[in-house]
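Asker: Sequence:
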Amino acid sequence: MNEWNIQSRSSACALTSREFQDHEPCHTVLLNAPAGGFERLDVSEDAWNAQGQEILSRPNLISHWRGEYQAPPPAPPEPIRRDDAESLLQRLIGLRDPQYSAACYILSVMLERKRLLKVKAQLREKGQRLFVYENPRTGDVFTIVDPDLQLNQLDEVQRQVADLLAKGPPGDPSAATGPEPYYAPGIVPTLPGEN
Numbered sequence: 004m005n006e007w008n009i010q011s012r013s014s015a016c017a018l019t020s021r022e023f024q025d026h027e028p029c030h031t032v033l034l035n036a037p038a039g040g041f042e043r044l045d046v047s048e049d050a051w052n053a054q055g056q057e058i059l060s061r062p063n064l065i066s067h068w069r070g071e072y073q074a075p076p077p078a079p080p081e082p083i084r085r086d087d088a089e090s091l092l093q094r095l096i097g098l099r100d101p102q103y104s105a106a107c108y109i110l111s112v113m114l115e116r117k118r119l120l121k122v123k124a125q126l127r128e129k130g131q132r133l134f135v136y137e138n139p140r141t142g143d144v145f146t147i148v149d150p151d152l153q154l155n156q157l158d159e160v161q162r163q164v165a166d167l168l169a170k171g172p173p174g175d176p177s178a179a180t181g182p183e184p185y186y187a188p189g190i191v192p193t194l195p196g197e198n
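In terms of this note's numbering, the sequence shown has 7 at position 4, counting the first letter as 1, and numbering is strictly consecutive.
Just so you know, the hints here were simulated from the structure itself, not pulled from any lab data.
Misleading hints may appear alongside valid ones.
[To be verified] DEER-style ranges, computed between Cβ atoms:
#, residue 1, residue 2, range
1, Val122, Leu64, 24 to 34 Å
2, Pro77, Arg118, 22 to 32 Å
3, Arg162, Asn35, 26 to 36 Å
4, Asp25, Ala165, 51 to 61 Å
5, Pro139, Lys170, 41 to 51 Å
6, Arg21, Val112, 39 to 49 Å
7, His67, His26, 15 to 25 Å
8, Ser11, Lys170, 19 to 29 Å
Even for Gly, the Cβ is constructed at its ideal location relative to N, Cα and C.
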């Protein structure tokens, strides 16, 4: 069985190592590799004019085509920048306002999925589930209450989070200085480097 493992288009000429410009004409050659499989060469027009006939005379040549290099599109911006979500979560925790508990929960889950926060423990207190999070970069430890969201509440919470990310919490006095983290009763914060 043949394995068709062909490399992706290169961003630079295989012969000169010069980076291709967007929409620049180029040549692509597919060769049988000595160790088996295939080798792809992307060659600039100038390098092809100088060495193209030599490449075409190789006994391991499979195919040749002329095309146009197209630069890959820029990576799309993250829908929510990490710093914005993280700083918003810190400000909301500092406000200690129950109206933001669902937004804090959603932001903490987002940051956990991006591996910016780690769940260190889950507790039950007064019938509510609490997550103890740690920011491994700063060593901050804080708790987030699980608001026990229902599926029909998610759209509203997502709109609230988007609005908070765009405008910040109304009347947030700590936006400039940053909040003090909130620690659940019985949780002793650790400083970076302490165990």
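Asker: Confirm or reject each hint.
Answerer: Here's how the hints hold up against the structure:
Between Val122 and Leu64 the Cβ separation comes to about 56 Å, which falls outside the hinted range of 24 to 34 Å. The given range of 22 to 32 Å is respected by Pro77 and Arg118, whose C-beta atoms sit roughly 23 Å from each other. Between Arg162 and Asn35 the beta carbon distance is about 57 Å. The supplied range of 26 to 36 Å is therefore violated. At about 34 Å, the CB distance of Asp25 to Ala165 disagrees with the hint of 51 to 61 Å.
Look at Pro139 against Lys170: about 29 Å separates their beta carbons, and that is not inside 41 to 51 Å. Between Arg21 and Val112 the CB atoms are about 46 Å apart, so this pair conforms to the stated range of 39 to 49 Å. Between His67 and His26 the beta carbon distance is about 20 Å. The supplied range of 15 to 25 Å therefore holds. For the hinted restraint 19 to 29 Å between Ser11 and Lys170, the CB-CB distance of approximately 42 Å leaves it violated.
Hint compliance for this structure: hints 1, 3, 4, 5, 8 are broken, all remaining hints hold.
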